[in-house]
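Going down the list, the sequences are from chains A and B. Numbering (my numbering) for the first sequence: 1 to 555. Numbering (my numbering) for the second sequence: 1 to 284.
Treat the hints with caution; some may be incorrect.
[As the list claims (entries may be wrong)] Covered, in the sense of this in silico footprint (three residues per stretch, anywhere, with C-beta under 8 angstroms from a C-beta of chain A), are these stretches of chain B:
| no. | stretch |
| --- | --- |
| 1 | 54-66 |
| 2 | 192-205 |
[Said to hold, decoys possible] In silico contact screen, one side only, chain B against chain A (beta carbon under 8 angstroms); selected entries:
| no. | residue |
| --- | --- |
| 3 | Gly95 |
| 4 | Gln98 |
| 5 | Ser99 |
| 6 | Leu102 |
| 7 | Leu183 |
| 8 | Leu184 |
| 9 | Asn185 |
| 10 | Lys208 |
Source of the hints: derived by calculation from the structure; they are not laboratory data. Ideal placement from N, C-alpha and C gives every residue a C-beta, glycine not left out.
The lines below spell out each chain.
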Amino acid sequence: MIDGTIEWEEKTLDVLKGADFKKMFFAAAQIIDREKEQVNALNVFPVPDGDTGTNMALTLAAALRELDKVDSVSVSKVCAAVARGSLMGARGNSGVILSQYFRGFSEGLSNVTEATGEDLARALTMASETTYRAVLKPVEGTMLTVGKAAAKAANDAAKHRKGAEIVLEAAIEGARIALDNTMNMLPVLKQAGVVDAGGKGLLLILESALAGLRNHDLVVSEETKTPVTDVIQPFEEGITLIDGVLVNKYCTEFIIQGKDLDVGYIRDHLEPHGESMLVVGDGDVVKVHIHTDHPGLVLEFCAEQGDLTEIKIDNMKLQNQQYTQNKSMEAEKESVRKPIGIVAVSPGKELSEIMMSLGVDEIVHGGQTMNPSTEELVKAVENVNADAVIILPNNKNIIFSAQQVREFVTKELGVLATRTVPQGIASLISFNPEASLEANLAEMEQAMRLVKTGEVTYAVRASKAGELNIEEQDIIGLVEGKISCVGQCIADVTIQLVEHMVSEDSSVISIYYGQDQDPEEAEALRDALEEKYPDCEVEVYKGGQPLYYYILSVE
Amino acid sequence: MGRIHVVSDSGSDLPKEIREKYNISIVPLSIQFGDDVYVDGVDMPTERFYSELKNGDRLPSTCQPSPADFVKLYEEIAEPGDEIISVHLSSKLSGTYQSAVLASTMVSDISVTVVDSKLASIGIGFVALAAAEAVQNGASKEEALAQAQKVIDNLGVYFVVDTLDFLRRNGRIGKAQAVVGTLLNIKPILTLDDGVVAPVEKVRGKAKALKKIRESIRQYQEDHGGKKLRIGLTHADCLEEAQRFAELLKQDIDIHDLYIDYIGPTIGVHVGPGTIALLFHPIE
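Bound conformation, chain A alone (with noise of 0.2 angstroms):
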């Protein structure tokens, strides 16, 4: 053991000539360009451009080009040559701060010609520290918590006499630690589930220098084991919890072994059962991570398309335990909890999901001739979780029955009087979820002002409205629920509708096509309205509600 010790010691490095660093610095520019997409997308601070490994892989380029000029074996004037290179070429955020800590590196081994373990050392700690001057605020969690670490390790070792090779690996070591840390540092890091792209960078850029300084290709680490070709935003959406329910509780790791994989195929496959995906991989070797709650389906399916190895699986709601019984079950529910919380009545499905869109919590299901009960709009009152409720009857007969769910409620309860549909969407739209029920209701009550609804149905039977003569089955519009218009023609009766409507301030007119109505003939009507109205924006969306032809919204 001893003897093996000893002779393994002998093998490393004592010092670093002016060529090893020069093939340090070329194999970091080779991997870092190689593995650039991987350090992309962890990138989520300080803005989620996804651009991190990009710039730090040109970066290195730039250094690189200056670097082929240098014919010496100086280990300084190598350094010099990176650095003024890397300055030059700075790309981004992430380059910038690279380019600070080849500087400071640089300056760190001055007038060296062959760096010992501590001349290493010592640029390593200049390198941290020139990046901490070089940014006006820094954070820790990143790349340079990451840089201080692998100085005080390098430091460490240093100081117990070790070569510079020794030196190095220590660095990598520390490093790797921090990195893994960063994630506990900032929190936008915790959310996403990710370490910190600069840091990444660093740590690769480190680890390829001590692989080219052997001669090797980079060291397989657990997340580089297999060439980056195809990355889809892996962790960008992070895991759907902390403090609300998990989803997609199991972990699901593993790589497939094969022959002319298609890497595309196999992520779209897998896509709608899970999330944090992440496929990557050549037509050889694929490594699949996802967050799923069907690991068995995710891993049918792959070992239809071929070998898998390194299959793990974790619940990550048990790993979660520890946290969430830090949290009472009461403060858990509190946590998704909000201020103000919105109710609406919608006449059919496309509506309701048009008003979910705009951040209604529950529907109920009503409208002309189908009224809710008072109990079904307490229910879904109940039903949501918040402090404050909205309630939108979108329709003039419900209001009465929305202010009586007052009486059996305890939840602070705001009505707004919408009597059409296209009367609550426009509230909907001026609904701030950060400002006050009252203010809401006053802003939302004005919204609603500003918007005319027209509709256009079918008489029941006959009638007299003003100087209009109905028969049973006629076409009516009506604009504000008063009979504007008769024919027999729906689209007719709508255009001339919208005549009615439409005045020198209108800017849009929306209408929504009810469930029986052909959308042909709703996109023949845009085209009409749009010629016929150039200033007004036309938009059409399907309603689903009965009865009515069309429910449309001026402007």
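Given the structure of chain A, go ahead and fit chain B onto it with the hints provided.
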């Protein structure tokens, strides 16, 4: 006594004639389409940028200038003993400011003051312009900086984007993250709040958004004692729409000067085609 130079970046969308008249130098950001890198205003003309953005399937990103780019320009325009006022993109939206600050420590014999405009587009341009105007009127660097600061403090910003996708994808969406309503054609009116994108109001359709902005500018003028406004109207490849809107503005607003120009690639990457931005401040 040396001269005072004013520098800005390609995010400032300053019309060429203004840059030339007041001798404002521009440090360009670069635009990346995949692995291809272009320099804003150098080898990537605005018209070509928008046609690539609309037709191409490669989504671009921007990249701040390096400190060396700044050092190079500073040393090119200034002699030892000169002073420089360098006005840049909101530090919360871009690292350009940081690069300039770093560069300012690397030049000797030239005193560089870097200003975080907390703005974008011609808002930055107006800050630089105020400084340059003051310099041309014989102001000291401190006086010119005070004029610049006054513009920063007063500048009103509204912009409306066709889609929030560009802001979201490039990580610049800021406080507008919570804007909902993807099923309907909802246009959020946005502003910059302490250098970060923030929502003002949601409305249906761009026409309505522009109408609201008009009303808000009228109110702003009233709140500023009816003083004439300097207005910048920048657009992401929708000149006709911008010109029509300018005509409407002229009816309501007492205007000191009005500049209509493109939103250049630097900002265009992040807001996407169809964006219209209004930036304005009162002139004493």
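Original post:
Does the structure break any of the earlier hints, and which numbers would those be?
Top reply: Hint check: nothing fails, all pass.
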